[in-house]
Amino acid sequence: MPELPEIETIVRELTPALAGRLIHDVEFLSRLVLLDSAQAAIDFLRGRRMASLIRRGKFIVCRLDRGFLTFHLGMTGKLLLASGKGPYTRAVFALDSGNLRFDDIRQFGRIEWGECVPARVERLGADPLSISASEFIRQIRRHSGHIKPLLLNQTFLAGLGNIYTDEVLHKAGIHPRTRAMRLGRERCVRLHRAIVEVLSLAIEHRGSSISDYVDASGRQGSFQLLHQVYGKPGQPCPRCGTPIRRIVIAQRGTCFCPACQKY
DNA sequence: CGAGGACCCTGCAAGC
DNA sequence: TGCTTGCAGGGTCCTC
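Position one of the first sequence corresponds to residue 199 (my numbering), numbered consecutively onward.
If you're looking for bench data, these hints aren't it; they were derived computationally from the structure. Check each hint, because a few of them may be wrong.
[Stated by the list, open to error] Keeping only pairs whose Cα atoms sit at most 25 angstroms apart, straight-line, the calculated DMTMM-like set for lysine to aspartate or glutamate is:
1. K460 / D294
2. K430 / D410
3. K430 / E402
[What the hints assert, rightly or not] Here are the simulated distance ranges between beta carbons:
4. P441 / H222: 25 to 35 angstroms
5. R340 / G284: 19 to 29 angstroms
6. Q237 / C314: 15 to 25 angstroms
7. A457 / R383: 47 to 57 angstroms
8. Q433 / K283: 37 to 47 angstroms
9. D241 / R417: 31 to 41 angstroms
10. A217 / S398: 23 to 33 angstroms
11. S330 / A217: 39 to 49 angstroms
Being a predicted model, the structure only gives us computed values, none of them experimental. Glycine is no exception: its CB is placed at the ideal position from the N, C-alpha and C atoms.
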């Protein structure tokens, strides 16, 4: 499931390969990958040049010579610098040099295009690696709900998904069902630091390859080897040895240590 | 307006 | 062995 570190890895790798490339042609192999008609997308994209690539939360935004092309990988999406087609290829971009392929098994991924950046990208909250500790604390205290769903809320903070939220809360020693408002200043600071540390380390390891994540060259990340709680129910907590528990919060499987993560 | 639940999608694992 | 069921979870949308 690509989250911020995986998307960052992909963007860093795609940038030198795609900057300046001309889109000769586009083919869409699934209607689900687009929000509207394929023909309109093809007419818009054909002949445009890719200028630059940035990550916004879990979105990949490509600035064109005019307009924008935006990718969201959903759960199983992949952007590959590869030619040919696989059984789950949903779109192929033929460039003046090479191909860009969008593969997606479960089809939660989307490709958007237009003169402007999509509205749902504009609505995203702050980037977890850029927000200051003081601003983070100010924002946290405005919410009465549980901390885990808040961290997953992309209009609050853009980029954390289920894996990194569990890892971050474990590192900060915070129970996922703690009420955001009830976190004291010191624990908010610890949470902010845990977010920066976990995400930075994950980026260094080129992301986590859970299920089938690979980068734009088809290579796996290695951060899954450093996971402390995610996907490890029943195993001993690396910090205190207590068995990791799994509960469901906001429809998401949640792994945490019942001993060292406190309310 | 914020919080929480249903839903979309498909491969895979578990259970009968 | 072979079928059915449920789970995984990104995001959106709806209701309370």
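- Note whether the CB distance of A217 and S398 lies within 23 to 33 angstroms or breaks it. 24 angstroms, holds
- For P441 and H222, compare the CB-CB distance with the range 25 to 35 angstroms and indicate the outcome. 55 angstroms, violated
- Task: Verify the proposed pairing of K430 with D410, using a straight-line Cα cut of 25 angstroms.
- Result: Distance of about 18 angstroms is within 25 angstroms: holds.
- Task: Go ahead and decide if the range 15 to 25 angstroms is satisfied by the Cβ distance of Q237 to C314.
- Result: 20 angstroms, holds
- Task: Can you let me know if the beta-carbon spacing of D241 and R417 is within 31 to 41 angstroms?
- Result: Taking Cβ atoms as reference, D241 and R417 lie about 35 angstroms apart, which means the hint holds.
- Message: I want to verify a distance hint. Is the separation of the beta carbons of Q433 and K283 within 37 to 47 angstroms?
- Response: 40 angstroms, holds
- Item | Hint consistency between K430 and E402 [alpha-carbon to alpha-carbon, up to 25 angstroms] | Within the cut-off at roughly 22 angstroms; holds.
- When you take the CB atoms of S330 and A217, is the distance between them in 39 to 49 angstroms? 30 angstroms, violated
- Message: For K460 and D294, compute the direct alpha-carbon distance and say whether it is at most 25 angstroms.
- Response: 55 angstroms, violated
- Could one say that the CB atoms of A457 and R383 fall in the range 47 to 57 angstroms? 24 angstroms, violated
- Evaluate the given range 19 to 29 angstroms for the C-beta pair formed by R340 and G284. Once the Cβ atoms are compared, 45 angstroms apart, the range 19 to 29 angstroms for G284 and R340 is violated.
Of the numbered hints stated above, those contradicted by the structure are hints 1, 4, 5, 7 and 11, listed in ascending order.
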